[in-house]
Amino acid sequence: QQPVQSPQAVILREGEDAVINCSSSKALYSVHWYRQKHGEAPVFLMILLKGGEQKGHEKISASFNEKKQQSSLYLTASQLSYSGTYFCGTGLIAGGTSYGKLTFGQGTILTVHP
Amino acid sequence: EPEVTQTPSHQVTQMGQEVILRCVPISNHLYFYWYRQILGQKVEFLVSFYNNEISEKSEIFDDQFSVERPDGSNFTLKIRSTKLEDSAMYFCASTDHLGVDEQFFGPGTRLTVL
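If you read the sequences in order, they're chains A and B. Here our numbering is used: the first residue of the first sequence is 5, the next is one more, and so on. Here our numbering is used: the first residue of the second sequence is 32, the next is one more, and so on.
The shape of chain B in the complex, shown without the other chains:
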């Protein structure tokens, strides 16, 4: 069964450092998302990506965040200068039918900023 994969599973970084979180969405999917979940809280939308550009972003997704689909299979989330409050689980998701079908979530990357 196709699945969304994410690497690394856990990333520890120092405040101010840059991190890149990687995702491989399901191959025939067209719509890609990043969500985050701070420990014990709800899942929050960060950004959606379609046709090689950002289609929507939340207030959380400020200038320190960026996304890319560099090679047609990987989908990356970059945090330029991490802050303590960026510590969270980051989930990538993808879907092939906008709004009417399941969003498939990856297993997540746990980011810890020290």
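The following block holds chain A by itself, in its conformation from the complex:
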């Protein structure tokens, strides 16, 4: 089942902050965040595995809620290089019925202007 991302698009000025959300109706095993620039492959940002986990550094970080049904990506003091499409990829059960397949959200287009 596809996770739902919000918002669909964000426009920022350099230095502004943004939050991108990724929600699922089912508890997830993992959330993977990727950024994709136009015409390029997705680039891995981070993975979250545990309910209540927070990860990342000062500028780009993410959280995974206790129920493991929502993750948020936080972009702080945005830079021009942050522009791109952000995807969350969600994993269900490792082993068993799933071999690491990621189901991606529809993406959030982030545009940072000078």
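These are calculated hints, taken from the structure and not from any lab test. Heads up, none of these hints are tricks.
So the derived label-pair ranges between C-beta atoms look like this:
#, chain 1, residue 1, chain 2, residue 2, range
1, B, 55, A, 42, 20 to 26 Å
2, A, 113, B, 111, 33 to 39 Å
3, A, 56, B, 94, 42 to 48 Å
In silico BS3-like cross-links for lysine-lysine, where the CA-CA straight-line distance does not exceed 27 Å:
#, chain 1, residue 1, chain 2, residue 2
4, B, 88, B, 109
5, A, 30, A, 71
6, A, 54, A, 71
7, B, 73, B, 88
8, B, 73, B, 114
9, A, 63, A, 41
10, B, 88, A, 30
11, A, 59, A, 41
12, A, 41, B, 73
13, B, 114, B, 88
14, A, 71, B, 73
15, A, 30, B, 73
16, A, 71, A, 59
17, B, 73, A, 59
18, A, 63, B, 73
19, B, 73, A, 54
Source: prediction; values computed, not measured. Ideal placement from N, C-alpha and C gives every residue a C-beta, glycine not left out.
Chain A is fixed; fit chain B onto it per the hints.
Same frame as chain A, now just chain B:
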């Protein structure tokens, strides 16, 4: 730094023709994936491959698709009789730790079916 490579970067073919997309995953990885991305849309899972066999496939991955790991390093996706709607970017990915680690994406092959 190890990386996933894909060839060709761009393939143009006529409808009904067979195409083979090639990938060289990172050498010590065990789990391999193909994803596709139609222009402007999200990344979609096609198939996962482990221990020389398909471990999971999506509804998109019908009888016209097949995958192989012919020689222990290459990982190929064959489309037997291409359709216009197969036009997309195809990404190969690999990982060494199922579900808990980054999936490394290759740069992609842009397939154009005329």
